[in-house]
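**Q** UniProt numbering numbers the first residue of the sequence shown as 1 and each following residue consecutively.
Nothing false has been slipped in among the hints.
Cβ pair distances, simulated, as ranges:
(1) Arg171 / Val46: 44 to 50 angstroms
(2) Ser70 / Arg33: 19 to 25 angstroms
(3) Glu97 / Glu325: 41 to 47 angstroms
(4) Glu168 / Glu93: 27 to 33 angstroms
(5) Ala26 / Val46: 20 to 26 angstroms
(6) Asp24 / Asn85: 22 to 28 angstroms
(7) Ala143 / Glu51: 44 to 50 angstroms
(8) Pro154 / Glu51: 49 to 55 angstroms
Derived by calculation from the structure, the hints in this document are not laboratory data. The C-beta atom is built at its ideal place from N, Cα and C for all residues, glycine as well.
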Amino acid sequence: MVLEKLGSSLRNAVSKIMGKSVIDEAAVNEFVREVQRSLIEADVDVKLVLEISRRIKERALKESPPPGFSRRDLAVKILYEELTNLLGRKPAEIPMESKKTNVIMMVGIEGSGKTTTVAKLAFWLSKRFGKVGIISADVMRPASKLQIEQLVGPDIPVFSKESRDPVEIMREGIEFFKRERYNFVIIDTAGRHKDESSLMSELDAYREIGPDLVILTIDGTIGQAAYAQARAFAEKVPVGGVIVTKLDGAAKGGGALSAVAASGAPILFIGTGERIDDLERFDPERFVSRLLGGGDIIELAMRIEEAFKESRLMERMSKGKFDLEDFREYIQQLGKAGPMEKLLEMVPGIGGRVQLDVNSGEMDRWIAIINSMTPEERRDPSLIRGSRIERIARGSGVTAKEVRKLLKSYHQAKKLIESMSSESKARRLFRRMGIGG
Numbered sequence: 001m002v003l004e005k006l007g008s009s010l011r012n013a014v015s016k017i018m019g020k021s022v023i024d025e026a027a028v029n030e031f032v033r034e035v036q037r038s039l040i041e042a043d044v045d046v047k048l049v050l051e052i053s054r055r056i057k058e059r060a061l062k063e064s065p066p067p068g069f070s071r072r073d074l075a076v077k078i079l080y081e082e083l084t085n086l087l088g089r090k091p092a093e094i095p096m097e098s099k100k101t102n103v104i105m106m107v108g109i110e111g112s113g114k115t116t117t118v119a120k121l122a123f124w125l126s127k128r129f130g131k132v133g134i135i136s137a138d139v140m141r142p143a144s145k146l147q148i149e150q151l152v153g154p155d156i157p158v159f160s161k162e163s164r165d166p167v168e169i170m171r172e173g174i175e176f177f178k179r180e181r182y183n184f185v186i187i188d189t190a191g192r193h194k195d196e197s198s199l200m201s202e203l204d205a206y207r208e209i210g211p212d213l214v215i216l217t218i219d220g221t222i223g224q225a226a227y228a229q230a231r232a233f234a235e236k237v238p239v240g241g242v243i244v245t246k247l248d249g250a251a252k253g254g255g256a257l258s259a260v261a262a263s264g265a266p267i268l269f270i271g272t273g274e275r276i277d278d279l280e281r282f283d284p285e286r287f288v289s290r291l292l293g294g295g296d297i298i299e300l301a302m303r304i305e306e307a308f309k310e311s312r313l314m315e316r317m318s319k320g321k322f323d324l325e326d327f328r329e330y331i332q333q334l335g336k337a338g339p340m341e342k343l344l345e346m347v348p349g350i351g352g353r354v355q356l357d358v359n360s361g362e363m364d365r366w367i368a369i370i371n372s373m374t375p376e377e378r379r380d381p382s383l384i385r386g387s388r389i390e391r392i393a394r395g396s397g398v399t400a401k402e403v404r405k406l407l408k409s410y411h412q413a414k415k416l417i418e419s420m421s422s423e424s425k426a427r428r429l430f431r432r433m434g435i436g437g
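Modelling step: build the complete structure from the supplied sequences, incorporating the hints.
**A** Okay, structure coming up:
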């Protein structure tokens, strides 16, 4: 989970105050101390922590709970609001004009994960806005083009040229993608260091390219130092947004996020892992909700709908049709939504607290089991019993018990689908299935 330690500490603080029968000044003070410790351990600036603590205590003791809510509920609500304010309140928008080729320039310190993030952003944009191209203008590291190509595959073109002039490469690349009517072009630039004036001065030359958006990548493991980086780059180029990378397991991630927000630079995305789709739009309210265990049902629904949008499975499900071939496709498409562990983080009430024995390995075994069946058995699962189960188990290299487990899961899913006839009900069921895995 992103910022797992911080989330665990904050949920513990919430759990303690929700378990108290009386919320007096002593209980509020204990709650505030727990929150302070959690934020300081996540490398959030001490002055910010003290200011948040002061506001939480003052509001928790002076404000009256809304009708129907207790003072415990009020304390948690205040914590949620103060953390959201700390991280920027509202999500930043990505400017995009539909009748032109939108140019995004990526800049960042060497080693911040910029080139990998270029590939992730291209993948994210291509799923939502159509044709996306990449310009590899990192003349300091020629291997960056190969790295991008390996990450994005053949569907997203990468333009490059034998030249030592990055501006020349950018110009020609932009013209190429404009002729081909691409919706977005992302420019990968050379990494630099904020304390090396010669490297930073090169950014001035990039202004003549006139990008529609300049995005700065910042390594989430650097903590509070993110503030100085964001300010240094903003002095050279018009930074319109920031992507904070390497937040999966970063002990200082809270410090990085709060420092970037304090610099005034809007956070557009966060990097949450090594997969090409491990890039999430940053919404402070939804992010804090996940930290506190409230889940992020919107992000979950979006991920699963994206995974299934090119599949005919939804149409069949809406008609109550669901055989084992459909079940196999369901498992395959669900895998595209991301690792099961990350999907579970988004489920309200789970938020990292529950570890379920559902993983990509088990999904792969289920697909192997279904593949070992005959087409007739996949279309009519009622045929599968006795010796057929033993044969399928041998063919897929699993036990008969695992075959029966798959069949039980399939029948449970089919029963739910058959109980719903309208398309709207099928959509609700689909989301329930996605959440439950």
